[in-house]
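Student: My request is simple: use the sequences and hints to build the entire structure.
Number of protein chains: 2
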Amino acid sequence: MNKSDLKLSRPCDQLPIKIDRAAPQTLQFQLFHGIQALILSGYLRPNELLPPFRELASQLQLSRNTVILAYQRLISEGYLETRPGVGTYVTGTLPERALHIQQTTPGTSENDDFLARRHPFLFHGDLHEIFPPRRLRPEIDFFVGRPDSTSFPGKLWSRLLTRKIAHGHGGMTEYGDPAGLPDLRAAIADHLAPARGIKADPDQIIIVAGIQEALNLLSRLLVASETRIAIESPCYQGAAYVFQAARAKILPVPVDDQGLDVDALPSGPVGVIYVTPSHQYPLGSTLSLERRLKLLEWAWDTGAYIIEDDYDSDFRYQGAPLFALAGLDRHESVIYLGTFSKSIGAGIRVGYIVAPHALARPLTALKGLLNNGNPWLEQAVLAEFLHSGSFAHHLRKIRKLYLSRRNTLIDCLHEHFGDSLISGAEGGMHIAWTLPPGLPDADKLAACALEAGVGIYPLAGGACSFIADDHQRRRLLMLGFSSVSESKIRDGIGRLAGLCAPDRAGAAIDYAI
Amino acid sequence: MNKSDLKLSRPCDQLPIKIDRAAPQTLQFQLFHGIQALILSGYLRPNELLPPFRELASQLQLSRNTVILAYQRLISEGYLETRPGVGTYVTGTLPERALHIQQTTPGTSENDDFLARRHPFLFHGDLHEIFPPRRLRPEIDFFVGRPDSTSFPGKLWSRLLTRKIAHGHGGMTEYGDPAGLPDLRAAIADHLAPARGIKADPDQIIIVAGIQEALNLLSRLLVASETRIAIESPCYQGAAYVFQAARAKILPVPVDDQGLDVDALPSGPVGVIYVTPSHQYPLGSTLSLERRLKLLEWAWDTGAYIIEDDYDSDFRYQGAPLFALAGLDRHESVIYLGTFSKSIGAGIRVGYIVAPHALARPLTALKGLLNNGNPWLEQAVLAEFLHSGSFAHHLRKIRKLYLSRRNTLIDCLHEHFGDSLISGAEGGMHIAWTLPPGLPDADKLAACALEAGVGIYPLAGGACSFIADDHQRRRLLMLGFSSVSESKIRDGIGRLAGLCAPDRAGAAIDYAI
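From first to last, the protein sequence lines stand for chains B and Y. Quick note: the first sequence uses the numbering used here, first residue 1005, plus one each step. Quick note: the second sequence uses the numbering used here, first residue 1005, plus one each step.
The hints are simulated quantities; they were obtained by calculation from the structure and are not laboratory data. For glycine and all other residues, C-beta sits at the position ideal for the given N, C-alpha and C. Hints may contain errors.
[Said to hold, decoys possible] Derived lysine-lysine pairs resembling DSS-like cross-links, with alpha carbons at most 25 Å apart:
# : chain 1 : residue 1 : chain 2 : residue 2
1 : Y       : Lys1159   : Y       : Lys1404
2 : B       : Lys1401   : B       : Lys1492
3 : Y       : Lys1203   : B       : Lys1022
4 : B       : Lys1492   : B       : Lys1448
5 : Y       : Lys1492   : Y       : Lys1448
6 : Y       : Lys1159   : B       : Lys1159
7 : Y       : Lys1401   : Y       : Lys1159
8 : Y       : Lys1022   : B       : Lys1203
9 : B       : Lys1404   : B       : Lys1492
[What the hints assert, rightly or not] Under 8 Å between C-beta atoms, here's a sample of chain Y residues computed to sit facing chain B:
#  : residue
10 : Ala1190
11 : Leu1226
12 : Glu1294
13 : Leu1370
Tutor: Now the structure itself:
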């Protein structure tokens, strides 16, 4: 461009820039930012001359060097151009209309307008409620599925972290196999054979950030709009949300005290059935052997994959744990999901899929496409924790602790409420308590208990979906015991009893409604 | 059931069970497992009597107690039933047909049959190539986007890990806010204002496991089948794969030495445009201010969201970094993606989304639905690393290191190959090298270099998609310098030069083709 092409407007006299000598930003940065804002807001227009740097320095009481450096940065970023003998001016090619649009001030009502102009959202779902609710936690909280935080093996974990970091900067800086650290996958395979009767090849194991992520990968692989998906009813809310989000056709199957009612399984083609055979969530029943075999037979007949969510099978208090479905399956029907969220902690975000051979490769590709795999350090530490036998030791310790807490909870319920029906006590981290006659409905009792500082959870508020059974909805409460000390359990159930005894002082529930 | 209802078959004489006294499993477990296998394989059928435990003990030379305990476990798991005066027999209600199906032996050809019966897969995509390829790494590897592992601040990181664990067992065991740790989100907001000119509220920040996961969440929120998505061409393969997997209609927009060609932006409604304005991946150009403003204007006109992938903007060697698009945007058009994979390490799997206000809540719900949030420990450590100023210190240190490596690489290329065209050198962790005339095509050169122990990457093999330009495909090489020492850079480029000089001894490339 020749000098003659330039049609510059007259230099503006004074620039409305405020320099704050007390601000943490450098004077040069403040000046840069001030001029940039004047250009972006349209106050300074393309081809408009700026005051010579001497004048601006004198006007703002800055050193000439400060102004020169700010101008230089504005030039290097494309806001200003300069030409000897002409001066410094706003870049002529900056698009005026774009600057005009920049000028519009977004306000609340205009924001609505912005959204109306924008490409629409495709997701309007709710957040499922597995993480602690936003409200303040009750003093005594029987929230379901929380490990005891004081039992976390912090010192050992710290030592392992330090050791792994010292030997593995590459692990911290590089991408790894998206299916997970080979050491950890081997350690999990070694754990599963005796613990769950599953003979898995480490290649079948894909490390994920918990069962929730596993369900997403499987949904991506197996569920399209209108795919028929059978699930237990009631079931874990996070699972139902994933399948609903994929626009599957959900077929709820009822659950009784032996687990899934296999005689009520849907006929016709089904893509996937989602089940919790070890300790049905939320009711706590264990699927009987007979039903396990019938479920496998049904899967063979319909071609369905069985997703076995084995979220809390590490805790079994009565009898030996039943072999997992995946341990009985000889036809690669079962996709087994395990997690360390319950046995170690949800904060480490590690779970795993044991996939039929044919699914391992596509699931690995999907995990790579999703997030390039899990963080390295947690995997490295966990692998050593498993290999060294520390995990087995930790499990024995917390199993004992949880058993005492479970017993205390059951004793307290019997003591205060007589022979109530309690299900799911053979294992896991919570029980389902059927409210005895005379007590108010679960919703109401939970609301009153919360006032008294006690958190107890009806199915509808306890991360459950598809509660077809009105009796369950009204009369069942979930009580997690794993994170509550025995003295707090006694205190909490005592407070509940106080609320429910109308003839005692302090009883707070109005039975009229 | 009455005794008279039972129609038991005669007791079988001897059970074909092998007990191995040298095996690690207990004798009791071996016996349990042996009988279980006989039932599941159909050898022992429902209602078939088992030998009395005395006989079996004598046959297998086991103590009576061992047999009694194994029988008890089989009874408690539902395999056997017992009745006084009758004996112990296989549970009559076990479904015979299920057992028969269990009997079928899965073989290779039968496995195909199993798959044919099964619900089909919906995903057949490839794994994108961001993690190290499975083949052995070349001795000198100019792989793109790898941080220097020896610069990882291991000792400091260890100290922070130990401190955080000591004070936060709850963080390890509990679920957290799926949007991420509030401390970390605040620290990122503080970092972004001076570093990238972005004024973000911590509520707008969602912690993710890297940019790849961010793209998945955004795709889930904004991209349906046939949604029109504009992307740079060539572009990062991982991004293209995500949008293709969502069955979007992809509209490639060409890139030149000023970045995205804004005059070639598509007209008509577009849902999202995906761009890398700081350092175009893979070509390395920086989007000019003029084009940034025009892109924002276009987004305003079309209603498109702009996804700004700012993967390596922490490294800028010439001039000040341009403000991010998100820093110029006044209309909530821009969704900014940042990552610590390049500045700290990919193994920590932490990145973040800075979302327009209206998108923050749905993205948080989606992150919860996807995987309940990132691990706690990495977030807690990273927050303190940022707050304490250690991150800024670390960045200064590695910026200097990478600048030296970049300079060495450019010097070596000039020395051996004369004035080659090198783009993208102003910032980032790689350059794009246009092969000078006389050199073979990129594919061929890369293959020969690999034989000589040097990894160099043509666009087509370097995690890129939509390489419309044949010249780019044939004549461009990507050279990552951040993880290669200066002596190895000299060695590597020297080897390349040796391969390319036909008159020198050792020249290996046949120029005839």
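Student: Which hints from the list above does the structure break, by number from lowest to highest?
Tutor: Violated: hint 10 alone.
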